[in-house]
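Undergrad: Taken in order, these protein sequences are the chains called A and B. Letter 315 of the first sequence, counting from 1, is numbered 314 in numbering that gives the first Met the number 0, and no numbers are missing. Letter 13 of the second sequence, counting from 1, is numbered 12 in numbering that gives the first Met the number 0, and no numbers are missing.
Hints in this document: simulated from the structure, not taken from any laboratory. Keep in mind that the hints are not guaranteed to be accurate.
If several chains are the same, the list does not tell them apart, and a pair holds so long as it fits within one copy or across any two.
As the list claims (entries may be wrong) - Calculated cross-link-like contacts (lysine to any residue; reagent style SDA-like; alpha-carbon spacing at most 20 Å):
| # | residue 1 | residue 2 |
| --- | --- | --- |
| 1 | 506 | 408 |
| 2 | 97 | 133 |
| 3 | 19 | 343 |
| 4 | 381 | 402 |
| 5 | 506 | 455 |
| 6 | 68 | 54 |
| 7 | 430 | 119 |
| 8 | 453 | 505 |
| 9 | 453 | 136 |
| 10 | 381 | 308 |
| 11 | 430 | 124 |
| 12 | 506 | 435 |
| 13 | 506 | 439 |
| 14 | 506 | 119 |
2 protein chains.
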Amino acid sequence: MNVLQNYVCGRWQSGSGATKTLHDPSTEAVLAHLHEGGVDFEGMLAHARQKGLPSLQAMTFAQRGEALKALSKLIHEKRDELIAISTQNGGNTRGDAKFDLDGMTGTLAFYGSLAANLPQNGIWLDGDSIQLGRTPRFSGQHVFLPRPGVALHINAFNFPAWGMGEKMACALLAGVPVIEKAGAASAMLAWRIAQLVVESGILPEGSFQFVAGSVSGALDLLQPLDSVAFTGSSRTGALIRGNRNLVARNVRVNIEADSVNAAVLGADVDIGGDTFAQFVANVATDITQKAGQKCTAVRRIFVPQDLLADAQEQLLERIAATKVGNPADEAVRMGPVASAEALASVRAGMAQLLAVSDALCGGPQPVFDRGYFVAPTLLRAKDANASAIHELEVFGPCATIVPYSGDAAEGARLANLGGGGLVASLYSDDKDTLDCWIRSMAPWHGRLWVGSEKTQGQALGPGAVLPGTIHGGPGRAGGGEELGALRGVLFYMQRTAIQGDRALLGKVLGEAAAQG
Amino acid sequence: MNVLQNYVCGRWQSGSGATKTLHDPSTEAVLAHLHEGGVDFEGMLAHARQKGLPSLQAMTFAQRGEALKALSKLIHEKRDELIAISTQNGGNTRGDAKFDLDGMTGTLAFYGSLAANLPQNGIWLDGDSIQLGRTPRFSGQHVFLPRPGVALHINAFNFPAWGMGEKMACALLAGVPVIEKAGAASAMLAWRIAQLVVESGILPEGSFQFVAGSVSGALDLLQPLDSVAFTGSSRTGALIRGNRNLVARNVRVNIEADSVNAAVLGADVDIGGDTFAQFVANVATDITQKAGQKCTAVRRIFVPQDLLADAQEQLLERIAATKVGNPADEAVRMGPVASAEALASVRAGMAQLLAVSDALCGGPQPVFDRGYFVAPTLLRAKDANASAIHELEVFGPCATIVPYSGDAAEGARLANLGGGGLVASLYSDDKDTLDCWIRSMAPWHGRLWVGSEKTQGQALGPGAVLPGTIHGGPGRAGGGEELGALRGVLFYMQRTAIQGDRALLGKVLGEAAAQG
Chain A
0 MNVLQNYVCG RWQSGSGATK TLHDPSTEAV LAHLHEGGVD FEGMLAHARQ
50 KGLPSLQAMT FAQRGEALKA LSKLIHEKRD ELIAISTQNG GNTRGDAKFD
100 LDGMTGTLAF YGSLAANLPQ NGIWLDGDSI QLGRTPRFSG QHVFLPRPGV
150 ALHINAFNFP AWGMGEKMAC ALLAGVPVIE KAGAASAMLA WRIAQLVVES
200 GILPEGSFQF VAGSVSGALD LLQPLDSVAF TGSSRTGALI RGNRNLVARN
250 VRVNIEADSV NAAVLGADVD IGGDTFAQFV ANVATDITQK AGQKCTAVRR
300 IFVPQDLLAD AQEQLLERIA ATKVGNPADE AVRMGPVASA EALASVRAGM
350 AQLLAVSDAL CGGPQPVFDR GYFVAPTLLR AKDANASAIH ELEVFGPCAT
400 IVPYSGDAAE GARLANLGGG GLVASLYSDD KDTLDCWIRS MAPWHGRLWV
450 GSEKTQGQAL GPGAVLPGTI HGGPGRAGGG EELGALRGVL FYMQRTAIQG
500 DRALLGKVLG EAAAQG
Chain B
0 MNVLQNYVCG RWQSGSGATK TLHDPSTEAV LAHLHEGGVD FEGMLAHARQ
50 KGLPSLQAMT FAQRGEALKA LSKLIHEKRD ELIAISTQNG GNTRGDAKFD
100 LDGMTGTLAF YGSLAANLPQ NGIWLDGDSI QLGRTPRFSG QHVFLPRPGV
150 ALHINAFNFP AWGMGEKMAC ALLAGVPVIE KAGAASAMLA WRIAQLVVES
200 GILPEGSFQF VAGSVSGALD LLQPLDSVAF TGSSRTGALI RGNRNLVARN
250 VRVNIEADSV NAAVLGADVD IGGDTFAQFV ANVATDITQK AGQKCTAVRR
300 IFVPQDLLAD AQEQLLERIA ATKVGNPADE AVRMGPVASA EALASVRAGM
350 AQLLAVSDAL CGGPQPVFDR GYFVAPTLLR AKDANASAIH ELEVFGPCAT
400 IVPYSGDAAE GARLANLGGG GLVASLYSDD KDTLDCWIRS MAPWHGRLWV
450 GSEKTQGQAL GPGAVLPGTI HGGPGRAGGG EELGALRGVL FYMQRTAIQG
500 DRALLGKVLG EAAAQG
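So here's chain A without its partners, still in its complex pose (with noise of 0.2 Å):
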C-alpha cells in the first residue's frame, strides 16, 4: 500500500495524524493513504527562505526559463506512466489525463519560452522613465523585483498537473520558491510528478517542496512578502482570504474559486451554420470533459426561444451518444467523479437545480453499482431568474438551458446573475450583439470566448486554460489572476517606483531607464 509523503526540507516524509484514503473512482479500490498532519511548516518555510530564495536568485530569468523548459521536457517523457496514474487515481479518460498533463507542460515550456522577454540584469523596467522635477534630471522609473518570499500553492484535486503547473511556473520564472500542496482526492499524480521533479535535480533545494496533507497550518506563519494562490471551493477561499494572519501582514492572496460559467447563444445564429455547429459541440464537451470537473465548464446555457427545439435536440444527442463507464475501457468517453465526497455533492447540488429546472436527461440517481459515477445531466430552467441556476456550481456533468428573449441585453443581464465568472463563451456573428455582451459582460468576468463562423476549427474550446491570456474572474470567481504570459508572473513580484538622477539610475538599473 503507498503512503503519499510530504518533502519537506530536503528529503520525503510521512506525515501523521488523520489519515485520508485514495480510492480508483471508477472501482472504489483502496489505492493509497495520506496523513493530513505532521508537516513541519516552520522548518519548510525557512528551508525555502534560506536554501531556495538565495539559489533561485542567483539564476537569471534566463536560467529559470531554462529550468522550466526541462522540467517540462522531464514530464512530457513520462507522460504514459503519467496517463495511467491518471486514469487510475483520477478516473481520468485518456483525453481527461491528456487534457491534464499536455496542460502542465504547455504551461512550463510556454512560461520557459518567456524568459528570453526578460532582462539579464534582473531588473524588470515597468514604463518608460518619467520626468518628476523642473527638468528631466529628476525622473521616476518604476520596475519589478521578485518579492523575497515563498508561495505557498494550494492545487485542487481536478488536475493535479496543470493546476501546479500553471501555478509553479510564474513563481519559479519570477524566482520565487514554492510550496505546493496537492488535492487530496487525486494526490497520486501530483505526488509522483513531485518525484519526479525532486529526483531530476532541475530545480535548486528548496525550491520546491510538496505537500500532500493538510496546508492550513502554514497559513499563520507567512511573513508580509510570501503569498498564497489557491484553487477550490470559495468557502475555502473565504477562509484563506480572511485567515488572521494573511489579513495582519497584507500577505498577497489569489484565489481561483467557484464559477457558474455561461454559454450564451446569440439571436442571429442560423442553425445550420457553423456558429450554432460550435456551440452544441463546445457545451457538451463542457458537460461530459473530465465529467464536467472543470472550473471552467459551462453551467448555465442561455439559448433564445426561437433556437430551443434545435438546441436541446442537438446537446441531448451528443450527450447521448457518450458512453460512461471505467476510463481504463478505451471506448469510455466520460469516467467518474473524484471522489465519494465529490459524487455526494453532484448529488446534492442536482437535487437542489431539479427544485426549480426540469431533467432533460441524467439526474442524480446511480448509474452502476460501484463507482462514483453520474449521468451526464442536462437540466432546463423553470425561471429564468431563480438563482439556484445563477449561485449553484454542481461540479460535475451537469448543465442548464435558460431559454431566454434573444434580446442581446437581456441576456447579458442574465449571464451576469453568476456574481462573477471565469469565462463566458458567446456564440455570434453580429457586430453590435457582441458589443454588447462585451461591454457589459466583461467587467463581471474574467475572460470572454467569442465562437463565430470564422472561429469553426481553428480555436480551443472555451474550457482550455491557455497561458497567454489570464485565467481568474471577479466575485464568486474569486477575484484572482493567473497566468496571461507574464502578466501572471507579475503577481511574485514587487513593483516599486525608483526617483532621483536620470542619469544615476540608468547606471544601476539599465540605460532604457535613462532614456524615455
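Chain A is fixed; fit chain B onto it per the hints.
TA: Showing chain B alone in chain A's frame:
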C-alpha cells in the same frame, strides 16, 4: 456652531447618534460637530449605482478628464478660503495647507490630462493581440473596462484635501462613482471642498457623495464589483481587509497604512557636499512639515558611525530653528498635531521609543499650556535592532537616528526591518551602494527616493507623493498601490481576456486589436 452634514442621495442632511467635536488644535476652541451615524448607506449605494454610474459611464474618458480639470480649477480658485480652514481646523501652517491643497488640485489636473491618452470608444486595450490557435485567426486581446460598482474612499485626517483628491481622481476618470469619507478631526476642510464640488454641478448627480461620520456600516453592503480604498492605521486597515462581507464577495480593497519610513545615508557621502545637504534638509523637513503627520515622513534615520556627529549636529541645528506655535502667526514654521487623541498617541509612542533610545531634542513633555503641541523630537537608538524602532510609527514630529556601520548591505537589512514601507530615501553617489540598496530594498518598498549630488535643487523631497509614480507599499504599509499615472486608474477597472476571430474582435474592440 457648524454641524457638518453628509451629502447623501442628492441632498445635504445631518447625521444622528454619537457626536464628535472638531477643534482648533492650536487653541482647543470648539469649531464644529458631526454625528457618527444616521447615514442611509443602502440608499446611498443605490443612488450611486442607479444615478451616478450610468451618468459617468455615458461620458467618455475625455469628458471625465475635463470634469477633473474643472474641479481642480474650482478648488484652486478658493485656495485662500480653504487655507484658512486648514489652518484653523488642521493646525497647518500656510505652507502645510498649500502642500495639501495644491497636492489635491495638482493631482486632479494631472489625471484630467491623462484622459487624452485613453481610447475614444472606452475600451482600453492591454497589450497586443496574441495568436492563440494554429493560425492568427483565433486570437486573444486583453481589455480593461470600468467595474460597474461604487468606490468607497476612507480618507485620513492628515491630508483632507490631497487624500480625497488622489482617490477620487482615479475612480472618476475610470467612470466609477465615489463615496468620500473624511477623517473626523480635520473634516471641516473636506466638508467645505465637498460643498464646492456639489454646488459646482461639474460631476453628474450620484457620482460624488460625502460622509463626515462613520462608514463602517457601508462595508457590509458592498457588492463584488465595488471597491474600498483606505488610508489610515494598520489596525483599522486590517479590520477592513478582514471584513466578512468584503472577504466573502471578493470586494477589491486597497490599503495604505502605517509605514516606519527610512532614510539611509551612504558611507561615501561627503559632509561638505550637496548629497549630505539634501539629507539634512529633507530629514528636518520630514520631522517638522505637517508636524510630522505625513504617512511618508522619515521615522528612522540610518547614519554611518563616521558621519554620526556631523549628521546629529546639523539636524539639531535645523530643528532648533523651527518656530513652533499657532500657525495663524506667519512666523510659525510648525503647528500642533491634529487632535487631543493624536497628541496622546504621539506622547505614548515617544515614551515607548525612549525605552530604547535617547532624546537628542524634544520629547513628550507639554510645550504650551493650551493646544495639541509637541516639540520636534530627534532620538538616537541605543540598539539598532530594537523592535520598537522599526515597528512603531509615532505619527508626529519625531524620528530616530540609528547608527550603523556604513556597510551598504547592513543599512539595507536594518531598513527592511520596517517590514514594508511606503518610501525609503537613499543618499549616495556610489553606483555599487545604490545597486545593493535598490535590489535589496525595492521589494520591501513602494518607492525609493535617491538623493545624489545632481539632484540638489532639482527634486521635490521624498515626502511628496507625485501622481506619476505609485504610492503604497507591501507589508506594514498596507500592501496597496495608488496613483502611478494610469496604474492607479486600473484599480477601478476589470481586466478581461477576449478570445475569438481576430477580424471580428477588431470590429468591436477597435482596429488596434486586429493588428498586433
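Undergrad: From the Cα coordinates, with 20 Å as the cut-off, is the pair residue 381 and residue 402 best called within, between, both, or neither?
TA: The answer is within: 9 Å in one copy meets 20 Å, while 74 Å across copies does not.
Undergrad: How do residue 506 and residue 455 come out at 20 Å by Cα distance, when the copy is not named: within, between, both, or neither?
TA: Result: close only across copies, 19 Å inter versus 52 Å intra.
Undergrad: Which holds for residue 506 with residue 408 at a C-alpha limit of 20 Å: within a copy, between copies, both or neither?
TA: Between copies only: 19 Å across chains, 54 Å inside a chain, cut-off 20 Å.
Undergrad: Using 20 Å as the alpha carbon limit, work out where residue 430 and residue 124 are close: within a copy, between copies, both or neither.
TA: between (38 Å within a copy, 18 Å between copies)
Undergrad: Is it within a copy, between copies, both, or neither that the alpha carbon of residue 506 lies no farther than 20 Å from that of residue 119?
TA: within (14 Å within a copy, 39 Å between copies)
Undergrad: Between copies, within a copy, both or neither: which fits residue 381 and residue 308 at Cα up to 20 Å?
TA: Cα proximity of residue 381 and residue 308: one copy only (15 Å, versus 82 Å across).
Undergrad: Given a CA cutoff of 20 Å, do residue 68 and residue 54 count as a within-copy pair, a between-copy pair, both, or neither?
TA: So residue 68 and residue 54 pass the 20 Å test inside one copy only (18 Å; across, 50 Å).
Undergrad: How would you label the pair residue 19, residue 343 (within, between, both, or neither) given a Cα cut-off of 20 Å?
TA: within (17 Å within a copy, 55 Å between copies)
Undergrad: What label fits residue 506 with residue 439 when the C-alpha limit is 20 Å: within, between, both, or neither?
TA: Classified as between; 17 Å across copies, 47 Å inside a copy.
Undergrad: Between copies, within a copy, both or neither: which fits residue 430 and residue 119 at Cα up to 20 Å?
TA: between (44 Å within a copy, 18 Å between copies)
Undergrad: Could you place residue 453 and residue 136 in one of the four classes (within, between, both, neither) given a Cα distance threshold of 20 Å?
TA: Between copies only: 8 Å across, 52 Å inside.
Undergrad: Regarding residue 506 and residue 435, is the shortest C-alpha distance of 20 Å or less found within a copy, between copies, in both, or in neither?
TA: between (49 Å within a copy, 13 Å between copies)
Taken one by one, the earlier hints all hold for this structure without exception.
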